[in-house]
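**Q** Kindly produce the complete structure, drawing on both the sequences and the hints.
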Amino acid sequence: DAGITQSPRHKVTETGTPVTLRCHQTENHRYMYWYRQDPGHGLRLIHYSYGVKDTDKGEVSDGYSVSRSKTEDFLLTLESATSSQTSVYFCAISDSPGQGSSTSGNTIYFGEGSWLTVV
Amino acid sequence: AQSVTQPDIHITVSEGASLELRCNYSYGATPYLFWYVQSPGQGLQLLLKYFSGDTLVQGIKGFEAEFKRSQSSFNLRKPSVHWSDAAEYFCAVDDSGGSNYKLTFGKGTLLTVNP
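Chains as they are written, first to last, in the numbering used here: chain H, 1 to 119; chain A, 120 to 234.
Calculated directly from the structure, the hints in this document are not laboratory data.
A hint or two may mislead.
Unchecked claim - Computed list of lysine to aspartate or glutamate pairs in EDC-like fashion (alpha-carbon distance at most 16 Å, straight line):
| hint | chain 1 | residue 1 | chain 2 | residue 2 |
| --- | --- | --- | --- | --- |
| 1 | A | K180 | A | E134 |
| 2 | A | K180 | A | E139 |
| 3 | A | K187 | H | D73 |
| 4 | H | K53 | H | D73 |
| 5 | A | K226 | H | D73 |
| 6 | H | K11 | H | E112 |
**A** Right, dumping it as structure tokens:
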């Protein structure tokens, strides 16, 4: 258990509405990520954060924004949800070298996922 | 851009049989390599990882993987499969050299285990 909590775990929303997913961690990891998982595509990186207020885009960032105002929370926002954003969203954290695993490199741990349906 | 290929979308094996799941990557240097397993409705669990050193890596649940630089492969193996191993398996690559730890995933291999 890497101390990751995602909320909400399940949500149904209407096209055009804003949606925010929250990822909360309890272990002070520097790196946090948002991935989406779709059948036939595996997981694809949306955005990631390498520190408070430090974020960058991933492979599929269009239509998404993120914020990280404190170490433990990483928020993913769909400003105007579309049906193509129906997916399972996973938050992940990384224990970068220097945080207790310096001899074995980084490991990335995943949350339990948030199922989002846009109708 | 780097890519990860898992050639087998779906594999079926009998319980007790051996298993090998294939993973190939495209990247110039030696990447960080991972195998994750996902049970239905669950998150991803790390099975094993390779960063450097011994090319045969042992993981949890009796799994191992071998990094072969000449073949750009990181295949996952298990000598005797259990029914509880039925799940989807993902190979992933971090080619950042440790600078940002972003992962590129393969599309996954679904494993079915017959009794």
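**Q** Compare the structure with each hint and give your call.
**A** Hints and how they fare:
Among the hinted pairs, A:K180 with A:E134 is consistent with the structure: their alpha-carbon atoms are about 15 Å apart, no more than 16 Å. Taking the CA atoms of A:K180 and A:E139, the gap is near 14 Å; set against the 16 Å cutoff, the hint holds. A C-alpha spacing of about 38 Å is found between A:K187 and H:D73, which places the hinted pair above 16 Å, so the restraint is violated. With a C-alpha separation of about 11 Å, the suggested pair H:K53 and H:D73 falls inside the 16 Å cut-off, and the hint holds.
For the proposed pair A:K226 and H:D73, the alpha carbon gap of about 28 Å is over 16 Å, so the pair is violated. For the hint linking H:K11 to H:E112, the alpha-carbon distance of about 14 Å falls within 16 Å, and the restraint holds.
Of the numbered hints stated above, those contradicted by the structure are hints 3 and 5, listed in ascending order.
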